[in-house]
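Asks: Each chain, letter by letter, is given below.
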Amino acid sequence: MMVRNKELQVAALKNGTAIDHIPSEYLFKVVSLLGIEHLSTRVTIGYNLDSKKMGTKGIIKIADKFFEEDEINRISLIAPSVNLNIIKDFEVIEKKQVNLPDELYGLVKCNNPKCITNNEPMQTRFHVIDKDNVTLRCHYCEMKIKKEEIELL
Amino acid sequence: MNTKSLVSIVDFSKDDILRLIGTAECFERNPNRGLLEGKVCATLFFEPSTRTRLSFETAINRLGGRIIGFSDAATTSSSKGETLKDTIMMVSNYADLIIMRHYLEGAARYASEVTDIPIINAGDGANQHPSQTMLDIYSIYKTQGRLDNLQITVVGDLKYGRTVHSLIVGMSHFNPTFHFVAPEELKIPELYKHFCETNGIRYHEHTEFSEEVINLSDILYMTRVQRERFTDLIEYEKVKNVYVLRNNMLSHSKDNLKILHPLPRINEIANDVDNNPKAYYIEQARNGVFARQAIICDALGIEVVSG
Ligand SMILES: [Zn+2]
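Protein chains in written order, with my numbering: chain D, 810 to 962; chain B, 72 to 378.
Worth double-checking, as some hints may not be accurate.
[To be verified] In the SDA-like style, the derived pairs of lysine to any residue whose C-alpha atoms are separated by at most 25 Å in a straight line are:
(1) D:923 - B:325
(2) D:953 - B:151
(3) D:918 - B:230
(4) D:940 - B:260
(5) D:956 - B:337
(6) D:956 - B:266
(7) D:905 - D:938
(8) D:923 - B:345
(9) B:151 - D:905
(10) B:325 - B:345
(11) B:151 - D:938
Since the hints were derived computationally from the structure, they do not count as laboratory data.
For reference, chain B alone in the conformation it holds in the complex (with noise of 0.2 Å):
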């Protein structure tokens, strides 16, 4: 078991998020730096996920490393029946670091535990996505200068939603108040409701998302609501249009209120949202490179020193 590996955001204290935060900083002040000069990355995508392995890639390149691996399962020895453990420990001979996706749950735990080079989990299922995690939580610390007591709304899918349950989990250091915004069928799960319970944290749940909630908020966080997630599609039609943000509903909101989403959207935010100053989700995306350059140079030990 190697401890370097970054699985799952309840893997990170307080002080690590803190931590990275401050390297993020770094790096988007100055992204180009040799850190990786001589070091091989294994990206290793057994799900396809372009949108992940380029921010990934873009990291590396950026920190001077090099990369190897595939971005789809179907052309790698996993289609013939390797063992995932065969390939990780096959891959461990070659490269420093692994980043990998997988479409089934735990497989980034599991990897961490039969090889001694550091695991990035890069999206393990519907379990755990913590450099997405990281990306928002440097997101909301960028555009409101603090992390500590803040007003967060998430809306959708809070059901089947990873990136909201752990950002709960990854923004529970900071004693915020949630406002959960969902249909029925996707409202936040008892056992997020518990957590937030045992660890203090104030949270309301709402079923209409109306302005008076978008008015308190300091971060607006919106998530998809897809049709596969219900298993009645009457009620997938009653509200697939209820959860959607138009610009005029923003006219009393704070002034400092930013508007996330992991991407892609789907009609979730309308378009004319876009040019609102409050508009931050695709800034947010180019957070995620930073965070990420931080978050491997943590996994392999390399200080990075400001300036």
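Bound conformation, chain D alone (with noise of 0.2 Å):
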């Protein structure tokens, strides 16, 4: 056996992804973003594990799937510090970090209600405007949200 990651013991992947310190209490919306209720392959989920950084962290582990960049972006608004395992044959063979992208499709609500895109059945779309400070521009009413308003749909 060579998993070298005392953490992957847990259950072990063969084949697959494992994301580590996602914030206890985004757990659940990180299990909703990535639409992993909707996988049907094997997916295990750790909940409020100890974490030295952190206090409580959660886990997410799925078996043979490997996300494209921008599906696994979506979870950088609430889970900035997450790490992304690449998994195959019981090793790492990839570390990856989440990237807060340049634009938000479908994910932020827009927090003007006389927003067209809260009167419209229509996606909503975001600018990030400022990376570190987290500051969105609404694509369309050009409200700017700045990190401690963002509301998730």
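Mind docking these for me? Both chains are given alone in their own frames, and the hints should help you get the complex.
Replies: Shown next, in the form of structure tokens:
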């Protein structure tokens, strides 16, 4: 057995993706953002696990699933510090961080009640205008939203 | 997504603005041209605005175009729950151009994404009203003979006044100095101060509407101070008569000073200013037709030859 990472021993993955360091309070939000409930492959979810860095954390291990960049970047808004371990034949072959994309589609609700996106059956769209401070601008009504005001759909 | 639409003043570069001013001048010399012969323009006013609609429809009529549309959403299928997308796609089957005003912010941007025909935004809620900005800039150009290096004083509601916000963005290409005169509750948002700073635009904030600031201005842009903007009505009572321009305040102003106002006014410009040759707000509205003729031709890719 070549499992080097102790954390992965909880339920070793042969092939797939392990998402680590998810803030506990966002674990199930991450599950739904990634559409994990629709997968038919084997998924292990660890909730309220001990973490030196974070107090408690969540882990998701998904067999035979490798995410596309823009798929996984959807979670960067709520869990910017997660680690992605790409596993092949029980080995971590790649470690990835998530990045806040330049634009967010269908992820964030516009806080402006008079925005067209809150009144028409359509997808929201935001431009990330400040990646460090996480400031968004609605593509439609042009209103700016600060990090602490962000509400996910 | 179509690229000929005009949704927001930020869609216009400096060159676009200068080109449109040149075209508006052509229309001022000769407004009646058959450039829209055989074209159908839709004016969709989901929110009534007689002033803006008449200005656009005059522009279309003077260009020889035909008009379809509505002036109030209460009479349309959108009042029966039809989506904006469906209305826009339906009208796109009939018209070559859509001019729309809507009470929701972002409506025009969204409309421009669901159709291939050009959309001109005639106001989307509190967000954008770019043809107003173009007529303001055209008025500044006409009265000053230039756009560069002007001292522009804006007075009144600088917090919610979208015409002011768009004017700052539109004039930012021309090295202006702004004087923002407003009561504490309605002062210019941080966002626009930040915009000025990042674009190297000088600005000064004043709470007092003094002759001193009037006397150094080339343009005095007055706006309404509306009661409904105030959370504290005592505050409103205190300031409602403070940001009012009276004729005797103009006695030491510059010769080239012109007074602009997006209209309608309430009491912020006293009637005794109307006869002062520096009052320009009525002619300013007339410029709206020329600016809109220029915008319409630009959106349709129609070349306007001078003469
Ligand atoms: Zn919005």
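Asks: So, for every hint listed, does it hold in this structure?
Replies: Cross-check of the supplied hints:
1. This hinted pair does not check out: residue 923 of chain D and residue 325 of chain B have alpha carbons roughly 42 Å apart, beyond 25 Å.
2. Straight-line distance between C-alpha atoms of residue 953 of chain D and residue 151 of chain B comes to about 32 Å, which puts the hinted pair past the 25 Å bound.
3. Straight-line distance between C-alpha atoms of residue 918 of chain D and residue 230 of chain B comes to about 24 Å, which keeps the hinted pair within the 25 Å bound.
4. For the suggested pair residue 940 of chain D and residue 260 of chain B, the alpha carbons sit about 22 Å apart, so the restraint of at most 25 Å is met.
5. Of the pairs offered as hints, the one joining residue 956 of chain D and residue 337 of chain B is violated, with about 39 Å between alpha carbons and a cut-off of 25 Å exceeded.
6. Restraint check for residue 956 of chain D and residue 266 of chain B: satisfied, since their Cα atoms lie roughly 20 Å apart, inside the 25 Å limit.
7. The straight-line distance between the Cα atoms of residue 905 of chain D and residue 938 of chain D is roughly 23 Å, inside the 25 Å bound, and the hint therefore holds.
8. A C-alpha spacing of about 37 Å is found between residue 923 of chain D and residue 345 of chain B, which places the hinted pair above 25 Å, so the restraint is violated.
9. At most 25 Å may separate the alpha-carbon atoms for a hinted pair to count; residue 151 of chain B and residue 905 of chain D exceed this at roughly 50 Å.
10. Proposed proximity of residue 325 of chain B and residue 345 of chain B is supported: the alpha carbons are some 17 Å apart, at most 25 Å.
11. Simply put, residue 151 of chain B and residue 938 of chain D have alpha-carbon atoms about 37 Å apart, too far for the 25 Å limit, and the pair is violated.
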